[in-house]
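> Working from the sequences, and respecting the hints, build out all of it.
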Amino acid sequence: MTAQHRFHVHVHVADLDASLRFYTRLFGTDPSVQQPDYAKWMLEDPRLNFAISSGKAGAPGIAHLGLQADTPEALAAIGARLQAADAVVLAETGTTCCYARSDKFWAQDPQGVRWEAFHSHGAATSYYAPAAEAPATTCCGPDAVCAAPATADQACCDRPATASQDTCCGATSASQDACCGSAATCC
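Taking the numbering used here as reference, the numbering of the sequence shown is continuous, increasing by one, and the terminal residue is 187.
Mixed in with the good hints there might be a few duds.
[Said to hold, decoys possible] Here are the simulated EDC-like cross-link-like pairs (lysine to aspartate or glutamate), alpha carbons at most 20 Å apart as the crow flies:
id, residue 1, residue 2
1, K40, D17
2, K40, D15
3, K40, D103
4, K40, D70
5, K40, D30
No lab work stands behind these hints: they were computed from the structure.
Spelled out as structure tokens, the structure:
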């Protein structure tokens with residue numbers, strides 16, 4: 001059986017209440033998740049995970065696009081396809097974002113559009129975890145997913161840490177050898 005995926009769109013909004021009314025009417029259904037700063041519709045026709053959030057980093061508009069995998073194996077396959085497409089890929093495991101616990105891959109297409117591939121494996125009680133400590137860049141992708149390096153040796157070196165989990169970007173010199181060598185795939 002072929003794994004099913006759900007297309008994902010996350011939009012930053014300036015007015016959450018007005019956006020809730022608009023999208024609820026457009027989709028003909030209430031959101032499946034609604035919080036004071038976030039809402040998500042899990043639609044079946046088309047098969048879409050559509051999310052909106054307010055008060056987060058970023059101007060109103062498309063925050064990122066993505067693919068939601070139904071299984072960890074399907075997520076791994078999407079991650080492999082991102083790497084095969086010569087994307088610079090950032091992996092996050094066990095992260096809390098958008099009121100869910102997920103494993104993720106982040107990448108940018110050649111135009112700079114951020115893409116998230118993820119598999120969620122549980123609900124969370126906060127947008128971030130820990131809610132009081134996480135900066136806006138730990139959820140819904142780093143501000144920049146380590147732009148494509150000129151050479152493989154530059155893949156992660158001397159870039160600021162923008163991810164909340166196991167990232168090599170901005171690693172100290174003691175750990176750069178582990179992530180910044182020619183086989184580096186951390187970002």
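> Now tell me, hint by hint, if it's right for this structure.
Status of each hint after checking the structure:
For the given pair, K40 sits about 13 Å from D17 by alpha-carbon distance, which is consistent with the 20 Å threshold. A distance of roughly 15 Å separates the Cα atoms of K40 and D15; the hinted pair therefore holds under the 20 Å criterion. For the given pair, K40 sits about 18 Å from D103 by alpha-carbon distance, which is consistent with the 20 Å threshold. With a C-alpha separation of about 17 Å, the suggested pair K40 and D70 falls inside the 20 Å cut-off, and the hint holds.
Restraint check for K40 and D30: satisfied, since their Cα atoms lie roughly 9 Å apart, inside the 20 Å limit.
Taken one by one, the earlier hints all hold for this structure without exception.
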